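Line by line, the protein sequences give chains V and S. The letter at position 484 of the first sequence is residue 484 when you use this note's numbering, and the numbering goes up by one with no holes. The letter at position 79 of the second sequence is residue 79 when you use this note's numbering, and the numbering goes up by one with no holes.
Any given hint might turn out to be false.
Said to hold, decoys possible - Listing some non-contacts, in silico: residues in chain S with all C-beta distances to chain V over 12 Å:
hint : residue
1    : 25
2    : 26
3    : 93
4    : 119
5    : 173
6    : 189
7    : 190
8    : 204
Claimed, not checked - BS3-like, lysine-lysine: derived pairs with alpha carbons at most 25 Å apart:
hint : chain 1 : residue 1 : chain 2 : residue 2
9    : V       : 442       : V       : 8
10   : S       : 13        : S       : 224
11   : V       : 442       : V       : 516
12   : S       : 224       : V       : 432
13   : S       : 141       : S       : 13
14   : V       : 68        : V       : 275
15   : S       : 224       : V       : 439
16   : S       : 141       : S       : 36
17   : V       : 516       : V       : 439
18   : V       : 432       : S       : 222
19   : V       : 439       : S       : 222
20   : V       : 286       : V       : 275
By construction, these hints were calculated from the structure, which means they are not laboratory data. Note that this is a predicted model, so its numbers are computed, not measured. Glycine included, every Cβ here is placed at the ideal spot set by N, Cα and C.
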Amino acid sequence: MSKNLRWKVLVILGVTALSIYSFYPPDQKIRLGLDLKGGVHLVMRVQTDDALRIETQTTADRLSEQLKTANIPTGGISVAGPTSFSVTGVPAEQDAAFRAALTEVEVNYDRASGAGGYTFTLKPNIAVQLREDTVNQALQTIERRVNELGVAEPIIARHSAADQILVQLPGVTDVNRAKEIIRSTALLELKQVDQGPFPDDSSARQAYGGNVPPDIEILPGTMEGAPGQPASTGYYAVRRVAAVTGRDLRTARPTLDENNRPAVSFSLNNEGARKFGLFTQANIGKQLAIVMDSRVVSAPQIQSRIDDEGRITGTFTNQEAQDLSLVLRSGALPASLTYLEERTVGPSLGADSVRAGVTAASGGLLMVTLFMLFYYRLAGFNALVSIAINLILLLGLMAYVGATMTLPGIAGFILTIGMGVDSNVLIFERIKEELSAGKGVKQAVAAGFDRVLLTILDTHVASLISAAFLFQFGTGPIRGFAMTLTIGLLSNVFTAYFVSRTLFELTLSRNSKVAKLSI
Amino acid sequence: MAIFENPNYDFIKWRWHAMTLSALVIVAGIGYGIAKGVPLGIDFSGGTIVVVKFEQSTTVDQVRSALAAGMSGENVIQSYGDAANNEILIRVPQLVAEEGAALEQNARAIVDSVTKANLGKFEVRSQEIVGPVIGADLQRKGIYATLASLIGITIYIGLRFRFAFALGAIAATLHDVLVTLAFLFFFGYDLSLNVVAAILAITGYSVNDTIVIFDRVRENLKNKRRDSLDSVVNASVNQTLSRTVITAGTTFLAVLSLYLFGGEVLEGFAFTMLVGIISGTYSTIFIAAAIATVLGGKQAVGRTPGSRKA
């Protein structure tokens, strides 16, 4: 064996060993996609308008307070949409004072004067930034929730459109629970009850003579029935501004109430405790509304000053109390979520798919093996060795870059076998031609490989182009296919040219004067 | 061993027949598809698919009447995979255009109706819900990816070979995409994400085959500058014929294994690949080279990177 050849063999053995090391043991090192493992794939949209609406509402409220303090009368402030609000009826003589009060508002809002007043619109760049922040915040909140759910190897990432989020939860079986936990806005607010509960919305409005003041809102909620009676829906008139919100929470955990029913207890941070202490002291004897996502969960009476501990009671099951504490701990979503896409693969289907994929790949390999040995004899064996090394490299590289194996990915595996055969056939047919043109064995082999190299490069580049667009196009499983195909194409250039050629040279080196080639 | 001993078929002679045959298949297939309505899978049309596996043997009709009680609309109910598995696929279209909570209503309604009908124990094997937003998004991406892939390959071949060849290769590839679509329509397969992925893979495969012949043409053009392009191309097709047929055969065998054993999920994918491989081989021999000769003029002496060097 020449020194050159020895080096080549060592390189091949080294690369193969490295690849095996990289993917062994495969059930730990090769990541399986959702379609093989089972689990759920969700795409959702963050309703970023929600966050803008809150920002606009808050700004309008703040301006209203400010004008009240400065004694500037207005005809009213109304929020027109998520990004704009208008002020009407500012007296002409107060106009200068009104404008002076706007410095803070005009940082984020553009002012335009219209019929009988001013319209304020959120500046476009601020709106874009706010939407961006909202999506990122939602992403982080979902991450915390999923982590608390204890899912292994989840994927939580921004999706194609700016306001979409992709969540993949492998191995999750209770999909509905996972979806509820991810989706719940979980905005906790503690508000003072002004009046109520009322049996319906209109009677709540009647209590104010049909004209609910701007600092009061009517919220639906649960009305505790008399002992032994089921709870029913009631309507509460509560103060719009919350005494304490979920932002002031330190933690929340499931507990039991005095009747041994599941409940959630929470504790507040220092700032929250201070606010809550002052609030409860000032309102002893009144009702406190515990509001979750704009629904009054319970409305206990404030019996004494409370600082940092509270309890949410209601008609919870154990699971609900647990899930509620989970979402409270992970914080509120800045905007609501809507689901756009959901794909669930049951674990039994995933296992069946793995079995089917492995059967198909083995079947394909077997058929190809039989054909190659039958048609090309010893050269066919060379080709099979190079294809086998190609598959080993493919697995090794996939494990190395952390690519995910999916069902279409297994199809990519099979196509890689096809590509390997193709390159080898291309070379062998060329060698045959060179032989029949009267060249000696060594020269024919050398010419065969040399002439075909350019063709192999051309075909592989063209296939890589289509694989690249496939990657762009696809989600999950299809990306797995594109990934397998790409890596397979790259490693095939190495194995078909370098490995196959070395194997030929190895065969020929045993006997320096080979007259016939088994091809 | 050899399949063809020094083959010398006159493929160029048959080019107009081949093109006519292809045109017929494509027009018939695409016309059939359009007349019947292009069968979009839920990936693109939006909708809900639930695959249910029953413990007892259950017929499609039983499931249909179970659903008729609770759900209206055009439902597709069919047996999924091997009949012995008792698996049934239920597909319902997206009824409401709105997104959100409504999205999962159909899936719940399906499971509820089947539960109420008392068909014995069952397991939900898989559930796919695609909203209209995602469906439209995937539709756009699928078309974009296929076109972009075709353009990318054309540019590459245009750079590496002469322009007439690039057109020949792309015509052959487009031909394969259209023939594959025609057969998908004939055999009633839905266009799903997997099928589109297979079509993209076909573009790569088909062009791969074509490049092998073009490479040979380029090489022969260096040596046989006096011959007409027609005869050089024909000789090149013949010289690479064994390789074309053997490669197609082995890849076909490998994908056949996928079609037979790969399970229901990949059936559409494997079918698309099988058709694409046959069409790709046919178009390589009859279409790609033929178009290159029609567009490339009669004389072989032309501007190819190879001939300039020679």
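Structure-based check of all given hints:
1. At roughly 23 Å from the closest C-beta of chain V, the C-beta of residue 25 (chain S) stays outside 12 Å, upholding its exclusion from the interface.
2. For residue 26 (chain S), the shortest C-beta to C-beta distance to chain V comes to about 21 Å, beyond the 12 Å cut-off, and the non-interface label holds.
3. No Cβ of chain V approaches the Cβ of residue 93 (chain S) within 12 Å, the least distance being about 15 Å, so the stated non-interface status holds.
4. No beta-carbon of chain V is positioned within 12 Å of the beta-carbon of residue 119 (chain S); the least distance is around 18 Å.
5. The Cβ of residue 173 (chain S) does not lie farther than 12 Å from every Cβ of chain V; its closest approach is about 9 Å, which violates its non-interface assignment.
6. At roughly 16 Å, the least C-beta separation between residue 189 (chain S) and chain V is larger than 12 Å, which holds for a residue marked as non-interface.
7. For residue 190 (chain S), the condition that its CB be more than 12 Å from all CB atoms of chain V holds, with the nearest at approximately 16 Å.
8. Listed as outside the interface, residue 204 (chain S) is inconsistent with that label: its C-beta sits roughly 4 Å from the nearest C-beta of chain V, within the 12 Å cut-off.
9. Distance hint between residue 442 (chain V) and residue 8 (chain V) is fulfilled; the C-alpha atoms sit about 18 Å from each other, no more than 25 Å.
10. For the hint pairing residue 13 (chain S) with residue 224 (chain S), the CA-to-CA distance comes to about 20 Å; that is within 25 Å, so the pair holds.
11. About 10 Å separates the Cα atoms of residue 442 (chain V) and residue 516 (chain V), which keeps this hinted pair within 25 Å; it holds.
12. Using a Cα cut-off of 25 Å, the hinted pair residue 224 (chain S) and residue 432 (chain V) holds, with the two alpha carbons roughly 21 Å apart.
13. Annotation: proposed proximity of residue 141 (chain S) to residue 13 (chain S) is violated, straight-line Cα distance about 40 Å (limit 25 Å).
14. Of the pairs offered as hints, the one joining residue 68 (chain V) and residue 275 (chain V) holds, with about 23 Å between alpha carbons and a cut-off of 25 Å not exceeded.
15. Between the alpha carbons of residue 224 (chain S) and residue 439 (chain V) the distance comes to roughly 20 Å, so the proposed pair stays at or under 25 Å and holds.
16. Taking the CA atoms of residue 141 (chain S) and residue 36 (chain S), the gap is near 24 Å; set against the 25 Å cutoff, the hint holds.
17. A distance of roughly 11 Å separates the Cα atoms of residue 516 (chain V) and residue 439 (chain V); the hinted pair therefore holds under the 25 Å criterion.
18. Proposed proximity of residue 432 (chain V) and residue 222 (chain S) is supported: the alpha carbons are some 21 Å apart, at most 25 Å.
19. Our distance criterion of 25 Å between C-alpha atoms is met by residue 439 (chain V) and residue 222 (chain S), whose separation comes to about 20 Å.
20. Taking the CA atoms of residue 286 (chain V) and residue 275 (chain V), the gap is near 17 Å; set against the 25 Å cutoff, the hint holds.
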